[in-house]
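Engineer: Generate the whole structure from the sequences, applying the supplied hints.
Going by this note's numbering, the residue at position 21 of the sequence shown is 21; the numbering climbs one at a time, nothing skipped.
No lab work stands behind these hints: they were computed from the structure.
C-beta atoms are modelled at their ideal positions from N, C-alpha and C, and glycine is treated no differently.
Hints may be right or wrong, so weigh each one.
[Unchecked claim] Simulated DEER-style distance windows between Cβ atoms: (1) Ser154 with Cys129: 33 to 39 Å; (2) Ile137 with His98: 19 to 25 Å; (3) Gly83 with Arg40: 17 to 23 Å; (4) Phe126 with Ser154: 38 to 44 Å; (5) Arg148 with Arg73: 44 to 50 Å; (6) Ile134 with Ile90: 26 to 32 Å; (7) Arg40 with Arg148: 20 to 26 Å; (8) Gly88 with Ile10: 16 to 22 Å; (9) Pro7 with Val100: 36 to 42 Å; (10) Thr8 with Gly94: 49 to 55 Å; (11) Arg147 with Ile123: 42 to 48 Å; (12) Gly83 with Phe2: 34 to 40 Å; (13) Leu159 with Phe84: 48 to 54 Å; (14) Phe84 with Arg40: 15 to 21 Å.
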Amino acid sequence: MFDFTDPTLIAFGKLSLAAFLGILLGTERAIFARQTAGSRTFGLVALGACLFVIAGMMATEPLRGIVNFDPARTIAAVIQGIGFLGAGLIIFQGHSLHGVTTAAGLWVTAAIGVMVALGHIAIAIFATCIVMAIFLIMWYIEHALKRRYEMMESHSDELNQ
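Structural biologist: Okay, here's the thing in structure tokens:
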């Protein structure tokens with residue numbers, strides 16, 4: 001019924017996986033970190049990165065050997081585009097900086113989409129697991145350390161009075 005060697009079906013699978021992995025990362029940003037760039041944004045970034053790389057590979061296939069093409073240029077263009085998107089997420093408020101982790105998350109999500117497009121599925125899934133660990137585990141560690149530091153600081157203030 002389905003020819004699983006069909007390049008179009010393979011592309012559908014890659015696009016679906018890239019979007020799913022991006023949505024997974026974005027859901028953490030929306031639920032735990034309460035960021036505005038959530039599952040839809042991350043899913044679209046991974047999907048777009050994957051789609052651009054697939055488009056670059058498909059565009060060059062009929063020209064292979066005739067025109068000198070470097071697929072890394074497509075990947076470089078994705079990185080630049082995500083850089084602009086990420087820069088728009090970073091906000092300065094007084095002396096504090098917000099959105100840097102979300103911007104970095106979008107950046108790595110684009111890389112995950114690129115890896116899916118290139119067919120490196122296991123690496124993309126493993127990278128998603130690492131990012132989730134960084135987002136979730138490090139969030140709890142950072143907040144625990146901040147609470148402990150604030151408690152020590154308030155205790156020190158009490159002793160100095």
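Engineer: Are the hints correct? Go through all of them and say.
Structural biologist: Structure-based check of all given hints:
Distance hint for Ser154 and Cys129: a CB-CB separation of about 37 Å, consistent with the stated range 33 to 39 Å. Between Ile137 and His98 the beta carbon distance is about 21 Å. The supplied range of 19 to 25 Å therefore holds. The hinted range of 17 to 23 Å is satisfied by Gly83 and Arg40, whose Cβ atoms lie roughly 20 Å apart. In this structure, Phe126 and Ser154 meet the distance hint of 38 to 44 Å, their C-beta atoms being roughly 42 Å apart.
Checked against the hint of 44 to 50 Å, the pair Arg148 and Arg73 passes, with Cβ atoms roughly 48 Å apart. Look at Ile134 against Ile90: about 18 Å separates their beta carbons, and that is not inside 26 to 32 Å. Separation of Arg40 from Arg148 is about 35 Å and departs from the stated range, judged on CB atoms against 20 to 26 Å. Range check, Gly88 to Ile10: about 33 Å between beta-carbon atoms, so the 16 to 22 Å window is missed.
Between Pro7 and Val100 the beta carbons are some 38 Å apart, a value that agrees with the proposed interval 36 to 42 Å. Here the CB-CB span from Thr8 to Gly94 is close to 51 Å, well matched to the stated 49 to 55 Å. Roughly 36 Å separates the CB atoms of Arg147 and Ile123, a value that falls outside the hinted 42 to 48 Å. Restraint check, Gly83 to Phe2: a C-beta distance of roughly 38 Å satisfies the suggested window 34 to 40 Å.
Distance hint for Leu159 and Phe84: a CB-CB separation of about 50 Å, consistent with the stated range 48 to 54 Å. As the Cβ distance of Phe84 to Arg40 is approximately 18 Å, the hint placing it in 15 to 21 Å holds.
Hint check: violations occur at hints 6, 7, 8, 11; the rest are consistent with the structure.
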